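Student: Turn these sequences into a full structure, and let the hints steer you where they fit.
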Amino acid sequence: KQEVTQIPAALSVPEGENLVLNCSFTDSAIYNLQWFRQDPGKGLTSLLLIQSSQREQTSGRLNASLDKSSGRSTLYIAASQPGDSATYLCAVSGIPGANSKLTFGKGITLSVRP
Amino acid sequence: DTAVSQTPKYLVTQMGNDKSIKCEQNLGHDTMYWYKQDSKKFLKIMFSYNNKELIINETVPNRFSPKSPDKAHLNLHINSLELGDSAVYFCASSQGPTGYWQYFGPGTRLTVT
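Protein chains in written order, with the numbering used here: chain D, 7 to 120; chain P, 10 to 122.
By construction, these hints were calculated from the structure, which means they are not laboratory data.
Please read all numbers here as calculations on a predicted model, not as lab measurements.
Virtual Cβ for every residue (Gly too), placed ideally from N, Cα, C.
Errors might be hidden in some of the hints.
[Stated by the list, open to error] Covered stretches of chain D (chain P as the covering partner; in silico rule of three or more C-beta atoms under 8 Å from a C-beta of chain P):
{"hint": "1", "segment": "49-61"}
{"hint": "2", "segment": "110-117"}
[As the list claims (entries may be wrong)] Distance condition first, Cα-Cα at most 35 Å in a straight line; then the derived DSBU-like pairs of lysine-lysine:
{"hint": "3", "chain 1": "P", "residue 1": "K76", "chain 2": "P", "residue 2": "K53"}
{"hint": "4", "chain 1": "P", "residue 1": "K80", "chain 2": "D", "residue 2": "K112"}
{"hint": "5", "chain 1": "D", "residue 1": "K74", "chain 2": "P", "residue 2": "K49"}
{"hint": "6", "chain 1": "P", "residue 1": "K61", "chain 2": "D", "residue 2": "K7"}
{"hint": "7", "chain 1": "P", "residue 1": "K50", "chain 2": "P", "residue 2": "K61"}
{"hint": "8", "chain 1": "P", "residue 1": "K61", "chain 2": "P", "residue 2": "K45"}
Tutor: Structure representation (C-alpha cells):
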C-alpha cells in the first residue's frame with residue numbers, strides 16, 4: 007500500500023528565502039508525481055507533474071525533482087514571496103490499472119513572512 | 010469560466026438526513042473523481058468514473074452513492090448522514106484515468122450536527 011509522507015507539517019520563512027519542500031513515498035512503482043497548492047478554504051491547484059521517467063520539471067520559480075528509486079521528490083521555491091503562503095501537497099499516481107489512483111501526503115503549510 | 014464547479018459550497022445538516030452534492034466540469038474530460046478531506050486535512054480518494062463507468066471505489070460505506078448521468082457530471086448522494094461524515098468533499102476531473110493533471114473543484118464543506 008502506497009504511503010506518502012511530507013515533513014515538516016509546517017514551515018515559516020522570511021520573504022526572499024529559497025526553500026525546499028520534501029516528499030517521500032514507499033512504493034517506487036509510480037506512474038507520475040504531482041505537486042499541488044491549496045489555499046485556505048479553496049480547492050487544489052496543480053503546480054507541476056513529473057512523469058516517472060523524468061528527473062525534474064520547472065515552472066517559473068518552482069522546480070520539482072523526482073528520484074523514483076529512493077522514493078523522494080522535492081519542490082524548490084526560489085525567492086519566496088508572501089503570496090506563496092499556502093499548503094503544498096505531493097501526490098503519486100500508481101501505474102495504470104487498479105492502483106492508478108492518486109495517493110496524497112498530508113501537505114506542508116508554508117508561511118512566508120514579509 | 011469555472012472549470013470544475015460544485016454545489017453547494019456549504020452544507021449543514023442533521024444526523025440521519027440524506028443529502029446530495031453536485032459536480033460539473035466543462036473541460037471535456039472523460040474522468041471524474043470524488044475526494045474527502047478530513048479534519049486533519051488528509052485528502053483521500055473515494056470514487057472515480059471514466060466515461061460514466063465506475064473504475065475506482067475505495068473502502069467507502071455504501072451510504073455513499075455516486076452517480077454520473079453524463080461525462081460532465083458526477084454527483085454524490087449520502088444517506089443516513091453521520092457525525093463522522095463531516096469533512097470537505099472535493100470533485101476533480103482529468104483527461105483520462107491515469108497520469109493526467111487533475112483539476113479540482115472548490116470543495117463542499119459538509120457539517121453534520
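Student: Checked against the structure, which of the hints given earlier come out wrong?
Tutor: none
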